[in-house]
Amino acid sequence: MGSVIEVAGLVKTFGPTRALDGLDLTVAQGEVHGFLGPNGSGKTTTIRVLLGLLRADGGTVRLLGGDPWHESVDLHRHLAYVPGDVSLWPKLTGGEVIDLFARLRGDVDVRKRDELIERFELDPSRRSRTYSKGNKQKVALVAGLASAAELLILDEPTSGLDPLMEAVFQDCIQEARSEGRTVLLSSHILAEVEALCDRVSIIRAGRTVESGTLQSLRQLTRTAVTAETERPPDGLAEMPGVHGLEATGATVHFHVDTVDLAAAIGRLSAAGIRSLISNPPTLEEMFLRHYGDELASEQRAHDGAARG
Amino acid sequence: MSALRGTAPLVRLILARDRLRLSAWVGGLVLLVIVSAISTKDIYSTQADLDRVAALSRDNPAALAFNGPDQALDTMGGQIAFQIGAFTLTMVGLMSVLLVGRATRGEEDSGRLELVRSMPVGRHAPLAAGLLVCAVASVVLGVLTAASLLAEDLPAHGSIVFGASFTAVALVFLGITAVTAQVAENPRVAAGIAGGVLGASYIVRAVGDVGNGAVSWLSPIGWAQKARPYAGEQWWPLLLCLVLGVGGVALAVVLADRRDFGAGMMAPKAGPAVAGPSLRSPLGLAVRLHRGAVLWWAFGVLVTAVTYGSLTSAIDDFVADNPEMLDLVASLGGASLTDSYLATSLLVLALLSAGPALQVLARLHAEESGLRAEPILATRTSRQAWMGSHLVVALGGSGLSMLLGGIGLGVAYALVGGDAGEVTRLGLASLGYLPAIWLLAGLALALFGLLPRWTAGAWVTLTGCLVIGMFGPLLDLPSWVVDLSPFQHTPAVPAVDLRLLPLAVLSTVTLALVATGFATFRARDLLTS
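Protein chains in written order, with my numbering: chain A, 3 to 310; chain B, 1115 to 1643.
Simulated from the structure, these hints should not be mistaken for laboratory data.
None of the values given here were measured: they were computed from a predicted structure.
For glycine and all other residues, C-beta sits at the position ideal for the given N, C-alpha and C.
Heads up, some of the hints might be wrong.
What the hints assert, rightly or not - Distance ranges between label pairs, derived from CB positions:
| hint | chain 1 | residue 1 | chain 2 | residue 2 | range |
| --- | --- | --- | --- | --- | --- |
| 1 | A | Gly17 | B | Thr1622 | 49 to 57 angstroms |
| 2 | A | Glu168 | B | Leu1564 | 40 to 48 angstroms |
| 3 | B | Ala1261 | A | Asp59 | 32 to 40 angstroms |
| 4 | B | Asp1590 | A | His72 | 16 to 24 angstroms |
| 5 | B | Ser1392 | A | Glu117 | 19 to 27 angstroms |
| 6 | A | Gly108 | B | Gly1390 | 16 to 24 angstroms |
| 7 | A | Asp59 | B | Leu1397 | 32 to 40 angstroms |
| 8 | B | Val1388 | A | Asp164 | 21 to 29 angstroms |
| 9 | B | Trp1594 | A | Ser127 | 53 to 61 angstroms |
Said to hold, decoys possible - With a Cα cut of at most 25 angstroms, we get these calculated DSS-like pairs of lysine-lysine:
| hint | chain 1 | residue 1 | chain 2 | residue 2 |
| --- | --- | --- | --- | --- |
| 10 | A | Lys135 | B | Lys1383 |
| 11 | A | Lys93 | B | Lys1383 |
| 12 | A | Lys135 | A | Lys114 |
| 13 | A | Lys138 | A | Lys114 |
| 14 | A | Lys135 | A | Lys93 |
| 15 | A | Lys138 | A | Lys93 |
| 16 | A | Lys138 | B | Lys1155 |
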């Protein structure tokens, strides 16, 4: 049970741009790891460094126990990659592309290939030139998922898929997990990450800002509570950890830090609960709050600097 | 005219993007005309010189085949028009083929045009804008050419007709490319078909000019030369060019109305759902990607070779009819005029055969920046294997073209009067040119490793070799410039004996360039856009 991916303090610069600025990422064997971050935050650059396509300027990178730059060819025997920007050879058919990649990777499983083509409802006899964005994405997905590789690296693999295909994709990833394979999933579709991922890393501006299980991340955030009580509850407003309290008649609405949730419910209980709705934070809220806060504080800092 | 709405801003867009490319074409061609005119005046400074060269060229089928018909070669203007020749007119046509292809079909294929067409822009506006820019470039080229020749004190009427003949050829191929851009389903095929018509036009008029000139009437380049600049000008053949050009544009508009955006006239057919056995390695993929282009190049080289070969008998007759030529030939150091002609033909075939090598290697950069190399290099395919597979196709494709060229030249010569031994002799001689061709391929590979965005710069070196090889003596270039071309270091077999030392030196340089390409590509980041 080691780490399949270990990245520490990774730095990558393109001229004056510092695309990765001390990024950390650890993916354990057998887990599905969500890799989140806004556009341009460095997800794809990190993946390209992991694939040995870009050379790291600083920090350490280990992939399957090896150095991805110097041992890329050997390491690539054990992984399958689905790019976010799928670009195919216009004259080749989808089926030809899928077979080509299987052969280049060295693991051909015709049965699984045909099954995936069926499940994703792909017509493999069409020239790549005539495929829509979603169909190109399916070609890349079938090529990647048909392999028996122990590590799947998926860079926003479902950005062009419809909801039906999204469900097929989630099934496939669940199957990969049950087979004990490791998945690094970069994605913008938070529902997909919530449904699939054991752990997530959130990056921003080339740095990791959060990493852990979804539960542990939820611990760091707040739960929304709406309750109707017999009497107005006492002392809620003074409680540490309670934020944005609003009372209208017998109904109160507030957010509470997850660690203080039990105490807050105690107060409500003492006031006689008639109804209670408690919503754990969604990943989306965590994501938005995190970046919202960061953006707001950066904006303030920027304004301050501008004034000063 | 809502179909043309938005043409003006699109014209500005093309000018903003391609102004350098447009000025390079027009400027380069005008410069070639000016330098040719000055050198011709320099070399043939007296009427006696002109009379002598006219007498030599008039009956020399090789000169007529390469340059054009015998029209007032004993006048300064006529001689200059002859020296600038059919080859330059072909370059003018090539300008139209490449510029029109790029401005119309190239934009559509890139997907950028889709966004443009979603705006309030008429159906024909992108085509109109592309053609308009290229038509203006054609007119500017003609005007500048005429003005340069006038500035050299050449007769006014002839200079204007000569400039107009440039514009006319440019407009013909503008029309032809506009049509192929509608018929073909992608820009490479569109430029390929139009380029094929251009090559055929050059060859057809070569055949005609060596004969009685009748066949030249089948070629637009022939029409341009039938306008007889400085030799009793006649404008009406240029009208044929104009009619063909305008007709092409009209046909293109009709065709554009009948096809879907992004598609050609031919509906795409379904292909194999499963990859064949050849598509199992990086080499298999490289062969598949380049097969069509390489075979077309080889076919073009073969056709050119057969044409040159079939003209060889005329050289033999020419020498037999002119006893004084034997003295001249003897003064050339023993090589027969026929062998000199064959060596020049092989040089032209070698320059053409470098084409497939450079086209294949330019694809390396296109594959990389188009993100198609990335998923391949994420498999267990090494960078060396990926790059090497394209190199193998480049070397093999150019080698195949050259060998076919040599054999084609030999077969055609044997058929018109040479003996059967010519096939082996010229087939083997063609191999002597491979080191120089492959050196250019090595240069392209080194550029790809060191400066990937400049991989296509290898075409500039080929153009340089072409100018040195075709115009070197005329332009009177300094010897160090001439020495830059690897083809100048290649023994001109069969006119001279084969020497191995220069070929070994060229091969060593090639190996060093290839090694540089591999080492630098292995050490750099992959381009990600």
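Original post:
For which of the previously enumerated hints does the structure constitute a violation, in increasing order of number?
Top reply: Hints 1, 3, 4 and 16 contradicted; others consistent.
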